[in-house]
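Novice: Residue numbers (my numbering), protein chains in the order written: chain A, 1 to 137; chain B, 1 to 142.
Hints were generated in silico from the structure; no laboratory data involved.
Computed from a prediction, not measured in an experiment: that's the story for all the values here.
There could be a bad hint or two in this list.
[To be verified] Label-pair ranges, simulated between beta-carbon atoms:
#1 B:Glu30 x A:Arg12: 23 to 33 Å
#2 B:Glu125 x A:Gly49: 39 to 49 Å
#3 B:Glu125 x A:Asp94: 17 to 27 Å
#4 B:Ala126 x A:Gly137: 14 to 24 Å
[Said to hold, decoys possible] Cut-off 30 Å, straight-line C-alpha distance, at most; resulting in silico cross-link-like pairs (DSSO-like, lysine-lysine):
#5 A:Lys87 x B:Lys103
#6 B:Lys24 x A:Lys87
#7 A:Lys107 x A:Lys87
[As the list claims (entries may be wrong)] Stretch by stretch, here's where chain A covers chain B in the computed footprint (C-beta under 8 Å, at least three residues):
#8 2 to 15
#9 85 to 99
Quick reminder that beta carbons are idealized off the backbone N, C-alpha and C, glycines included.
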Amino acid sequence: MSALTGVEVGQRLPGFSRTFTRADLVRYAGASGDFNPIHWSNSAAAALGLPDVIAHGMLTMGTALRVVTDWAGDPARVRSYSVRFTKPVVVPEDGGTVVTFAGTVTKLADGFASVSVEALCDGVLVLGAVTAEVELG
Amino acid sequence: MPISEDHVGRSYPATAPYQVSRAKIAEFAEALGDGDNPAYAGDDPIAPPTFAVVLSSAAWDAMFADPELELSLSRTVHVDQRFAWQRPLRSGDEVSATLTIEKVRARGATAIITIAVHLSTTTGEALCTATSTLMHTMGEAA
């Protein structure tokens with residue numbers, strides 16, 4: 001792969017919005033093997049005191065990384081990725097929920113860029129301390 | 001006795017070998033809304049980075065099945081997650097995962113548990129470490 005050049009600290013990476021529907025959660029449950037009922041059953045979510053079914057944190061985490069892989073070109077450049085799950089993404093049965101993702105280059109060192117990704121749902125950050133390390137060379 | 005600092009260092013046997021397939025990679029990429037990424041298609045695709053969760057969550061099962069720890073997935077909240085890759089997973093890789101309990105902070109009914117899952121090929125090549133912090137709350141005494 002050719003090197004990523006012209007990268008600067010503070011550079012904004014193109015973002016996108018995604019609507020998560022119940023069907024998306026069922027699809028991710030099957031793909032990932034995470035069948036925790038709080039991601040598809042209203043009563044299981046209510047039993048935990050949640051307002052409604054919530055998205056898999058890993059689905060939000062995996063979707064957020066698309067900001068980085070779309071920019072980096074080759075997903076193999078991503079060498080580490082970490083997030084905190086700060087707020088659940090509540091997904092009502094009708095219409096789903098929109099999450100908006102965008103990224104910023106926060107650090108350049110030793111041939112790697114650190115990228116932070118914002119994930120906003122209803123104006124609130126649903127992931128915290130998001131950092132992906134991307135190999136530039 | 002339920003999970004405590006005494007369980008730090010406990011490891012579980014490696015999961016049964018799992019063969020990464022093109023079809024599963026395509027299915028996972030589609031679930032992320034990333035089915036159009038050419039890296040995840042073709043004859044020799046790599047897996048989306050967070051595909052590692054397919055293997056790491058399988059490794060969690062052994063810990064949740066350990067009767068001594070008295071854990072329940074339904075009383076567990078995933079607090080944070082980190083992946084560090086040696087290389088991407090690829091179609092054809094035969095992968096197994098080993099879970100180790102790295103840290104436990106128990107206070108009352110709540111335990112904060114850090115686990116590390118090491119993914120490697122069945123020939124011993126290290127692929128990825130998936131580190132998770134979980135918050136677990138003990139159920140009501142029966």
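Novice: Against each hint, give a clear statement of whether it holds in the structure.
Specialist: Each hint, compared with the structure:
no., hint, verdict
1, B:Glu30 x A:Arg12: 23 to 33 Å, "28 Å, holds"
2, B:Glu125 x A:Gly49: 39 to 49 Å, "44 Å, holds"
3, B:Glu125 x A:Asp94: 17 to 27 Å, "47 Å, violated"
4, B:Ala126 x A:Gly137: 14 to 24 Å, "21 Å, holds"
5, A:Lys87 x B:Lys103, "24 Å, holds"
6, B:Lys24 x A:Lys87, "29 Å, holds"
7, A:Lys107 x A:Lys87, "26 Å, holds"
8, 2 to 15, "violated (count 0)"
9, 85 to 99, "holds (count 3)"
The structure does not agree with the numbered hints 3 and 8 stated previously, though it agrees with the rest.
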